[in-house]
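Protein chains: 2
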Amino acid sequence: MSTLHEVGPVADVRVTSQERLPVLVRAATDADWPEIWQTLEPVFRAGETYTYPRDISEAEARAAWTGVPHVQVLVAEDPTDGRVLGTAKYLPNHPGAGSHVANASFVVAGDAVGRGVGRALAEATVDSARTDGFRAMQFNAVVETNESAVRLWQSLGFDVLTTVPAAFAHPTAGFVGLHVMHREI
Amino acid sequence: MSTLHEVGPVADVRVTSQERLPVLVRAATDADWPEIWQTLEPVFRAGETYTYPRDISEAEARAAWTGVPHVQVLVAEDPTDGRVLGTAKYLPNHPGAGSHVANASFVVAGDAVGRGVGRALAEATVDSARTDGFRAMQFNAVVETNESAVRLWQSLGFDVLTTVPAAFAHPTAGFVGLHVMHREI
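Taken in sequence, the protein lines are chains A and B. Residue 724 in the working numbering is what sits at position 114 of the first sequence, and the numbering runs on without skipping anything. Residue 724 in the working numbering is what sits at position 114 of the second sequence, and the numbering runs on without skipping anything.
Hints were generated in silico from the structure; no laboratory data involved. Backbone N, C-alpha and C define an ideal beta-carbon position, used for all residues, glycine too. Do not rely on the hints blindly, as some may be mistaken.
Just so you have them, the derived chain A footprint on chain B, three or more residues with Cβ under 8 Å [stated by the list, open to error]:
id : stretch
1  : 652-663
2  : 701-711
3  : 747-754
4  : 786-794
Straight-line C-alpha distance at most 25 Å; calculated SDA-like pairs for lysine to any residue [said to hold, decoys possible]:
id : chain 1 : residue 1 : chain 2 : residue 2
5  : A       : Lys699    : A       : Arg672
6  : B       : Lys699    : A       : Asn713
7  : A       : Lys699    : B       : Pro775
8  : A       : Lys699    : B       : Glu670
Calculated Cβ distances over 12 Å to all of chain A for the following chain B residues [unchecked claim]:
id : residue
9  : Ala674
10 : Glu733
11 : Ser758
12 : Asp769
With the rest of the complex left out, here is chain A:
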């Protein structure tokens, strides 16, 4: 899959004064891993938005992001220089009788946040999962304090089905809720 996403007006997402970035979303290759890890590592180390252990090793992160059965990994790159601006993965949320619902995860590089990369990645991921035959997409653990992400998913048609109380130990905010979000695709 290799889709050029034109990122249009994004009225409901706070955008910095930086211009939006042109984004090419494509399937990741093994050669992308070093740049994917550069994108993931600061986010996992910060521990504010993901449940991966903050001290996760690069090998463990690679296994968790790219080595899970049936996972599809995407990258968003700047088509002008090929730099990886973000990454997504999706896979069946459950096996067997639950495998028609995709689960997905997204990380945008710190200096590309607020420039439309997450939206482009999400749209491409939904399109790709739909093409693969998935009928819905579910996020199991959106940290409720990650408000920009919640707003982005809501603007893309995801509903908060519930918020599991105190399910996330935030490094500064204490125990906060995890949203379960969902949309048909």
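Got chain A sorted already, so can you dock chain B onto it with the hints?
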């Protein structure tokens, strides 16, 4: 862990005319696997209550039930003859900042259903998870048509937080919802 559970009155669960079984719940050992598999296999093959592939192999089932990192596996046995009447497993529902919430799964042998085994297993599992330091227990995928299980969990203090629509392809009922259930422990 080895706890003898006296199974008291169970007013809110349909009980057959069979007497309730005495149940000893204890940590599983490798030697229990053949009987655990005897318990699991018909349930997984039926595909009505779990998202495991219906054609899952014994090796895959063993890996999924007993081989997941940080999983604790329990069995309920009949203390009069040592027969395995049911099995449970629990593990962190998420790693890292979500690892204080346990996820658990339960299967009761077909001819022991309705005789208090599920309740004894669930109570022992909650106790064991609490002792391990978990603060809550979450079920991610309780099939909404599995009404006896839903009633049992509710009677044990679990709430349905949400029902993910059409998330389970039931072999006869079509697409049905999956409850996310939760309680503090």
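Hints versus structure:
no.: 1; hint: 652-663; verdict: holds (count 5)
no.: 2; hint: 701-711; verdict: holds (count 9)
no.: 3; hint: 747-754; verdict: holds (count 3)
no.: 4; hint: 786-794; verdict: holds (count 3)
no.: 5; hint: A:Lys699 to A:Arg672; verdict: holds, 12 Å
no.: 6; hint: B:Lys699 to A:Asn713; verdict: holds, 23 Å
no.: 7; hint: A:Lys699 to B:Pro775; verdict: holds, 22 Å
no.: 8; hint: A:Lys699 to B:Glu670; verdict: holds, 24 Å
no.: 9; hint: Ala674; verdict: violated, 8 Å
no.: 10; hint: Glu733; verdict: holds, 22 Å
no.: 11; hint: Ser758; verdict: holds, 18 Å
no.: 12; hint: Asp769; verdict: violated, 10 Å
Comparing the model with each earlier hint shows violations of hints 9 and 12; every other hint is respected.
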